[in-house]
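Participant: Sequence:
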Amino acid sequence: MKITKITTTIVNAKMRNWVIVRIYTDVPGLIGIGEATVEFQSQAVVGAVEDIAPLIIGKDPRDIERNWQILYRHPFFKGGVVTMSAISGIDQAMWDITAKDQGVPLYRVLGGLARDRVRMYDHLGGGNSDAVYNSDSEAEFQEKMRQSIAEGFTAVKILAVPHTEPLGSNDSLRHAESLMATAREAAGPDVDIMIDFHGRTTAAMAIQYGKVLEPFNPFFLEEVVQPDQIEAFKQARSGINVPLAAGERLLSRFEFLPMLQAGIIDVAQPDVCHAGGITEVRKIAALCDTFGVVMAPHNPLGPIATMVNVHLGLTMPNFLIQEVMRADVPWRNEVFQGVPDINDGFIYPPTAPGIGVDMDEIGAASHPYVPVTSTQWFHRDGSVADW
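The opening residue of the sequence shown carries number 210 in the working numbering; numbering runs sequentially from there.
Hints in this document: simulated from the structure, not taken from any laboratory.
Heads up, some of the hints might be wrong.
Here are the in silico distance ranges between beta carbons for each label pair [what the hints assert, rightly or not]:
hint : residue 1 : residue 2 : range
1    : ASN426    : PRO580    : 39 to 45 Å
2    : GLY591    : THR213    : 52 to 58 Å
3    : PRO526    : PRO375    : 39 to 45 Å
4    : SER447    : LEU239    : 23 to 29 Å
5    : GLY397    : PRO580    : 25 to 31 Å
6    : ALA574    : LEU496    : 36 to 42 Å
7    : LEU239    : ILE279    : 19 to 25 Å
8    : PRO562    : THR213    : 19 to 25 Å
9    : GLU543    : GLN351    : 15 to 21 Å
10   : PRO526    : ASP569    : 31 to 37 Å
11   : SER387    : ILE279    : 48 to 54 Å
12   : GLN278    : ASP498    : 21 to 27 Å
13   : ALA536    : PRO375    : 27 to 33 Å
Cβ atoms here follow ideal geometry from the backbone N, Cα and C, with glycine treated the same way.
Construct the entire structure; sequences and hints are all you get.
Facilitator: Quick look at the structure:
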């Protein structure tokens, strides 16, 4: 079996353009699919796929590890979110081909089941002052929470931390406390609530947020400082008594290792579309398991990424919970078929060969690439803020 060509398709999904990668083989009808979505850098990823694809044209797609090493090591300049995302999409498609060739679901070629089902959590966005995500009132936010619970979810994530000054942002602290109180009131005591900081805060402010949020029993706090600020993360860790999660912007096991060695995260969140695909995320998971850290992969992306994460979650011994984004576009399951229903907050092992997701090309073409500009935030004095 040989790879004959590698193509990309961009599908616009409002805030994101999903980058879909397909690998064609010389076996009639055997095509692999993967996702290489990077917010706000879609065309760069398409270009990266085109740049590195010739390195493995003519290779057997089932030789995944060797092909991955070629894609990663033969270009002189390694890494970066664009290159690693291109590798991620190609890697997923090679695993899809390998499982389809054997006529089994992906999780079977990843070692089989480590659990019977994958716990999912719903992403609700933010409250009324977090306008980058939506402009919901507290009543509407409560309704979204109740709807998720009614649909069987036992865990949700919210963006309770708004635009925050480096110090003294008391109005923002009050907002976070109010929104978390609203969320907890609507959810009740038994639903797990995660809070994404989005790297918006300094260590000092992260500690202040930790104090006002701790009484509401958060499941974990995510990305409390920028991911490259390990010393700030250490400072935040020392002052926060809630489990901490990070990793959506880390691209390899080499980047996770310093955080694990420093003991500053309880939950690792690699993104299978950024961190080298299935091949590298499995290595990250094994490394985290060595340090007693559990996995909650990042996934605000498309249906292919969701299903890849489900297969990984079924096979990783240290898996905790899986993020899913459901509210981006209403036509998700029309253009992409094969994602199982979420039952009582869980997805059960799928039966279709490979990843199990097919793309309707005509449907995808009706949602072509649309330029999406990154959100821009500034502090009150005009200086640049992280969003």
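Participant: Next, verify each hint and record whether it holds.
Facilitator: Hints, verified against the model:
Between ASN426 and PRO580 the C-beta distance comes to about 41 Å, which sits within the given range of 39 to 45 Å. Between GLY591 and THR213, the C-beta spacing of about 53 Å keeps the proposed range 52 to 58 Å intact. Checked against the given bound of 39 to 45 Å, the beta carbons of PRO526 and PRO375, roughly 40 Å apart, stay inside it. A hinted range of 23 to 29 Å is violated for the C-beta pair SER447 and LEU239, which are about 53 Å apart.
Between GLY397 and PRO580, the C-beta spacing of about 42 Å breaks the proposed range 25 to 31 Å. Restraint check, ALA574 to LEU496: a C-beta distance of roughly 40 Å satisfies the suggested window 36 to 42 Å. With their beta carbons about 21 Å apart, LEU239 and ILE279 fall inside the hinted range of 19 to 25 Å. Range check, PRO562 to THR213: Cβ separation about 20 Å, and the 19 to 25 Å hint holds.
The hinted window of 15 to 21 Å between GLU543 and GLN351 is violated, with their beta carbons roughly 29 Å apart. One distance hint, 31 to 37 Å for the beta-carbon pair PRO526 and ASP569, holds here, with the actual separation near 35 Å. Evaluation of the 48 to 54 Å hint for SER387 and ILE279 yields a pass: the beta carbon distance comes to about 52 Å. Hint check: GLN278 to ASP498, Cβ distance near 23 Å, so the stated range 21 to 27 Å holds.
Taking the beta carbon of each, ALA536 and PRO375 are about 31 Å apart, inside 27 to 33 Å as hinted.
In terms of the numbered hints stated before, the structure departs from hints 4, 5, 9, listed from lowest to highest.
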